[in-house]
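**Student:** Grab the two chains, each in its own frame, and use the hints to assemble them into the complex.
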Amino acid sequence: MSKITLKVNGSAHTVDVEPSTPLLYILRNDLGLEGPRFGCGLGQCGACTVIINGAAVRSCIMPASSVKGEITTLEGLASNGRLHPLQQAWIDEQVPQCGFCQNGQIMTAKAMLDKIPHPTDAQIRETMNATLCRCMTYHRVQTAIKRAAKTMAAARVVSGEEVVA
Amino acid sequence: MTASNRIPKQIEEALTMHRRDFLRNAGLLAVSFAAGAGALNSEAAAQNAAPPAPGPYPDPDYHQLDSWIVIHQDNTATFYVGKTDLGQGTGTSFRQLMSDELDIAFDQTTCIMGSTDITVDQGGSGGSTAMERDSWPMRRAAAEARRVLLEMASSRFGVPPDQLAVSNAVITVRADPSKRVTYGDLIAGKRFNVTLTGANVNAVTGMAKVKPVQELKYTGQTPPRDDIPAKVDGSLKWAVDVKLPGMVHARNVKPPFACAKLTGIDESSVRGLPGFVKVVSKGNYVAVVCEREEQAIRAARQLKTTWQKPPTAPFPPSEDLFTYMRAATPTSASNPAVVGNPDEALRGAAKIIEAEYEVPFQGHTAFAGAHATADPSNGQMTVYSNDMKSYGMRNGIATFLGMPREKVRVVWMHGPQGFGRTAADDAGCEAAWIAREIGRPVRIQWMRDEETAWDTKGPAFLVKMRGGLDGQGQLTAYDYDARSCDYNHVGYNEPDTVLIAQLMGSRRERPAAGSAATPSEMYAIPHRRMKSAVVSLPLVWETPLRTGNLRDPNGPQSTFAAESFIDELAAAAKADPLEFRMKMLTAATTDDSGFRRARSIAVLKAVAEAYGWDPRPSPKPLSSGNVLTGRGVAYSFRGQTIVAEIAEVEVNRQTGHVWAKRLVCAHDCGLVVNPQSLRRTVECAMLHSLSRAIHEEVQFDHEKVTSVDWVTHPSLRHADVPAAIDVVLVNGDPHPNRPDLPPYGGGEAACKPMLAAVANAIYDATGVRLRRVPFRDARVLAALKTARV
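Line by line, the protein sequences give chains F and G. First residue of the first sequence: 3, per my numbering; consecutive thereafter. First residue of the second sequence: 271, per my numbering; consecutive thereafter.
FYI, nobody ran anything at the bench for these hints, they're computed from the structure. Ideal Cβ positions, reconstructed from N, Cα and C, are used throughout, including at glycine. Please note that a few of the clues may not be correct.
Stretch-level coverage of chain G by chain F, calculated; a stretch enters the list once three of its residues show a Cβ under 8 Å from a Cβ in chain F [said to hold, decoys possible]:
no. : region
1   : 486-498
2   : 502-509
What follows is a list of derived Cβ distance ranges for each label pair [stated by the list, open to error]:
no. : chain 1 : residue 1 : chain 2 : residue 2 : range
3   : G       : G672      : F       : T16       : 37 to 47 Å
4   : F       : K152      : G       : G672      : 55 to 65 Å
5   : G       : R1058     : F       : S67       : 56 to 66 Å
6   : F       : N131      : G       : D861      : 42 to 52 Å
7   : G       : H333      : F       : T153      : 46 to 56 Å
8   : G       : S448      : F       : T153      : 41 to 51 Å
9   : G       : N605      : F       : T122      : 50 to 60 Å
10  : G       : G709      : F       : P21       : 23 to 33 Å
11  : F       : T153      : G       : P430      : 36 to 46 Å
12  : F       : K148      : G       : N605      : 53 to 63 Å
13  : F       : T16       : G       : S539      : 28 to 38 Å
14  : F       : G83       : G       : Q484      : 49 to 59 Å
15  : F       : K148      : G       : G709      : 36 to 46 Å
In the DSSO-like style, the derived pairs of lysine-lysine whose C-alpha atoms are separated by at most 27 Å in a straight line are [said to hold, decoys possible]:
no. : chain 1 : residue 1 : chain 2 : residue 2
16  : G       : K513      : F       : K9
17  : G       : K801      : G       : K734
18  : G       : K460      : G       : K479
19  : F       : K148      : G       : K931
20  : G       : K513      : F       : K5
21  : G       : K844      : G       : K931
22  : G       : K460      : G       : K531
23  : G       : K479      : G       : K531
24  : F       : K70       : F       : K5
25  : G       : K931      : F       : K152
26  : G       : K974      : G       : K579
27  : G       : K621      : G       : K853
Isolated chain G (complex conformation) (with noise of 0.2 Å):
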């Protein structure tokens, strides 16, 4: 066994290139090195003498700053950031951030993620918070090193700090450059010792301040991510690639139906196979461990096992939801934003339209199964997870298995598409409890099918609305009730709503009681009423109909309703849908501190140039033939981010499929840190909402959920993607002409508009309103022969 089935990758390189440097540092970081290292890698062991310690695991101290930044003899750094990368390339960005504060070249950098041992305890990834929350610490971090060197030097060399200069890591004399020092030469294998102030980690800065965003020099470029060719030639090691000595597979044995109890187990069905290690089972959790992996997938599924049926039906068939949802008295609501007397606006409207939304259930389904592989040796609990909250996992873990905090760690490796609170939660919190059972290290994974039926998913969404017009064609009253099927909707890591843990009995007395957002957009509308309101499926424990965070959690669904029925409102008025919009956004008087109302009208502007935006009225007259296309917008925002997006499509009247053509999307978000890397994200989040858009549902019968792989629940393919994918940075692109915003959240914002662009592009071609995600074919050519188009 190499150490590097062991260790993740990038912080075996880190060991290998600056091993002496990591335990030279006396301290901290050297003990957090030498617990990590040690207990992992012999090798580093026997070079450097030092035994292979085992915990406790520490938590990097977030106010020295030797935590954050290690700088290496041969003058390069190390970032170490309590963040986790789920593919949109956050590691290179922190890396620039950095770089640019300390003063160093980017090349000269390297970033270490999301390990709890290793790095200090940023929460782990969520909220597209990397940027416009947690780069702040960093940034102060960068910055107050860069003056402690400078001072250092200032000692060295008996001249002021203000008359040196650095670059690249090199800190000269201004008066004399030939006097001159490193980075390297003045701190390398040895400790800042610097102690950073700050209530908490958001907080966390020292005595300098960060530079103006116009001197930061790798800021707003485009250095290529740090992460893909490994990701491309094969070398990279992720958390499903963990190979530990002694390990053993584990594969569940999922409840057939929701809320079942088990009653029986034939362990005599699977003793005889090869490689049969254990059957593991507690309440209703059932795993099997073999030997090897493909001989626990056999057992899992050769294991007897019988079941009894709860005695009501756990939830309604999909077909059947929102007549469910209708009906439902909440378990909660929310008290109504009002603004005005819509009641009274309504009755004198001289028009009054109404309408109600639907948006199904929709699943992560996350391109693997959830995965983890435990390692209990020397009575602790080493995890190896993807999981985006690696620090609420490991305090999850000890309190689901009753250890001590500093027992446990997780490491965190590359992983599928993290989109919120998948299952990778669920499996590193299986991962460990058989691992303990058992004595041995484990790895489990979870089946396509479990992952897709049994995984957490986005709330379903009942919205009704109402709009009343003016006789101008003015929207004067507004009416917003939204109600989401989101009852304990379960949280991050929670050692009590796990699914191990709901299937071993687990029950909170009150459960989470959900959310139902309303809509984000900054419209003058005088009179208006926004409520929203939670309800429940009839069991919502130990189902496989568990709402959890994806993606913006409730944005795309709100997004739908309200942007389709700003269309509608449009259309009833026979205005330009952009230009009933703009007027809409002129006519308010007021903003807020970040500018929203005006950095809205500017999105919409830059969106509608991009695309070539010709006004009038939707739909546009029935064309002949059988492909019918249209254009359709929309628009949002999600904290201080602000997108509009248009989708252009085509409608085939024949077969009812829809192609989105062309999607355009402008976007702010603040200063932009790379590009490149924000292009890529926001590109691949409008396509997963246009995959939520015209695909994904959760479908199920009243016992179990019957979406269980991609034919069943089918995502976007290749055949879908759009022949053209604009991407206009409003704030910022290029660098030069940047104004001195600080940068806002990047990804979830574009996944919001893209479903109500994608309906008001299908009523623009057809004159046929889709209220009902997603628009399956089935379902589009439904609605057109009902209309007769």
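If we strip away everything but chain F, and leave its shape as in the complex, we get (with noise of 0.2 Å):
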């Protein structure tokens, strides 16, 4: 057992744990940051994903000692008490069935906007290819995706961040 000190959501804890530990058990059990889920264990499925230094990362294969970074996780998304665009755009859409699956779309979904802030019908096919689904609420993901991609770029525009030709 090492203590390790992740930052999580902005706020730094330090947890005694197996190095190799992998991220997505300490963040369940140790802090209670539930967002993240177990599916596969095996990165193949994106339910356990997180972001970390602006990159979407399968918690359920990245020992806790690599992480190197600040993480978020679904939890943290809110700022201010308003949901994040993808969260509205996807409780606007209705995209859940049982929803086990939706943190690993919105995590991943907010890496690519955030790097992509207008990505075409083919880089989101391409960039969510590797989150899956088994209720298949895909065709409903990549319209939140496309509407909370509209809603952050007017944001931008009113902050003056955005210009529009």
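**Tutor:** Dropping the structure here:
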């Protein structure tokens, strides 16, 4: 066992675990952050996705000792009591069925939109392709991503971050 | 440990909001909640000075109106229903119907679902029966509550009930609207004390009649689903999230091959591992328990065990499955359903078409491994589970453990998609058994390879079909002969067939027979025979090739064969496949009591119109270029729900890759309660069947399943998703045009036609008929090459 300090959603936490412990179990079982979930333990499905340094990371195969940088989980997306535009788009489009995979869908989409603010359909399909859903909500996930992209772009225009030609 | 770790959010919210009301309701509900909440929620106990009472856990009495509806002082209502929600948003739909019958604003209601000591036993979920069957007692109870409240107001104001008006849970005297009283003022803190009648829970009724559908205000509208916000902000507590004081983690050690006999466990291989608690084992069942989750995963992988192989191979390898099924002697067969004289008609036919169709085993492959948490405190057993049949799980676990039923309860919580008899049943019994063995709360979860390999499978199907056309291209003779590999089909929460029981040596003297369905259509075919049989794998106990109900258990398989074959007949008759079907529907002169034939015609017309179908025979002339496009139609019904689907596909002749570019569904399930929820459910059911059409197959060698993850058992992905999906709700969208039909099952019917629609579209595009599912690239490419396309 060794002490590992993780910065998650703006707070630092120190846990005493085996360094090889996958990040997922620490988030869920020690820090009570249950947005990321176990789906496969193999990095194949995306249910456990968190964002580290802007990248969507599969926390089920990420040893805690390898984490370098601040972690954002689903619980950390909302700010000042307002849902992230992606979360709002998910509600507006009524995306989930069972909802179990939606952490992975939302977090993977967040990392994508932060890098590609106006993704094409092909970019959405490619970037999201390894994030699985067994209820098959894919079509709505893609619609919601496009909706959120528009909302986020509009917010940037209002705040002067983006100029519309 | 906060209360939120121990109580499902929905129940906790109800408790927080309405705790005083609940506890003041001396009697049935208060007993339920004192038991349920008191044992769990020390805060509630402290506030209300109620001791943390252990069981016995009651069966909420469905003959008591108070079991269904509680009205609170703030004029809100909580509905208690014995159903679970697998992601279709049924709780919201129940609220719509019950709000309408009770005459209360939808926003003033909540719905509590599926926990055995809190909600009446409606069996949980299954068979797409939520609206069709189970919403009726809910509606009648709500209507009765409204009637009783009007009577109470009548006494208060001295005015007959028919001179009272009610709106949004406020009753006024028509002649003097200043005289008003809220439901909350009339009943909060008191019991209805009204006994309902009816021989069983489905028949429950009071004296009041339900409203005609034209008077339903919320029904037919689309309020957003109430479960979705917590699913996207991370606040929902799922069954996987349950944490109890002193809880440990367990992982199974599955046999390395089917029908294996455990010959040794070397506990020293894991004893020194961090967090190790115990190896628990009985018969061929083995699990490892550790303090932390990742420790249990590691220890289960590291535990050294030895196993003996069975004397004969448990099953043929998957590539030989259909050869095996063809040669096998059936374990049972149905009496053929015969109309006219099919043999004579075939002999006299101008053209005879024969074909054989194959659908392999396909898995539930739930998105997360099966899981449950069990708490053995107080000599009782509380199991937290996402199992869709929580009531059956309670009974199954009580019997499996030999515990009195009243000492067992199941708290239902959300989980990954449930399409029938999933391994959640198995995990519930495992958690309970281990918890009792070690005397501590235990959380168990199956790993990916266990879930994919060992969950229950939809049965494989082999269907032989023959059809005879006369000189005018009319179908005169039809012969359907199906066999499924479904012997020892496991039921829900059966204490003698759950996997842990099998591994501990339980055997049924007479395994479940299984089934092989015949097609569901309303075609007028003068001479037909339909028969089916079930065959068995060589060994059927302690095997990962267990069959169980998977989302319309036989529907996608039988409809794949039947509706592919109708397409083959249409092509042989050089007829447009949609018109060929339509002719056979309109040729019939009789219909059933639900107008299934007339509604089939309407649905087929609607799907053609929505797609923009131009009549022509299939296949279309082969075009040049790498990408060939085509369209295919298929139709079926499930109960009284009629579905027709059209798939438009692109087939890449270089790679064999099939992309369903556009899907259209016309769907008639009678009364539509929530059009948006229904559209979403239909869309996802279609895509699930698209996944089964192009990806899914359980593969195995002669002793173990080799499909163990998302690479070896692929599922639909984002890149596979059609560019456009249209769902037409034929009956009743939007609300005012809705005819007065009852609601029928929504989801599963939509799973049926898609496999055939895709196969028919591939044929239309390429002229190549695929009779074996799934249509993976390699199989399609091989077929194209053989046909020199």
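**Student:** Starting from the hint list further up, note which numbers the structure goes against and sort them upward.
**Tutor:** Numbers 11, 14, 15, 22 and 23, in rising order.
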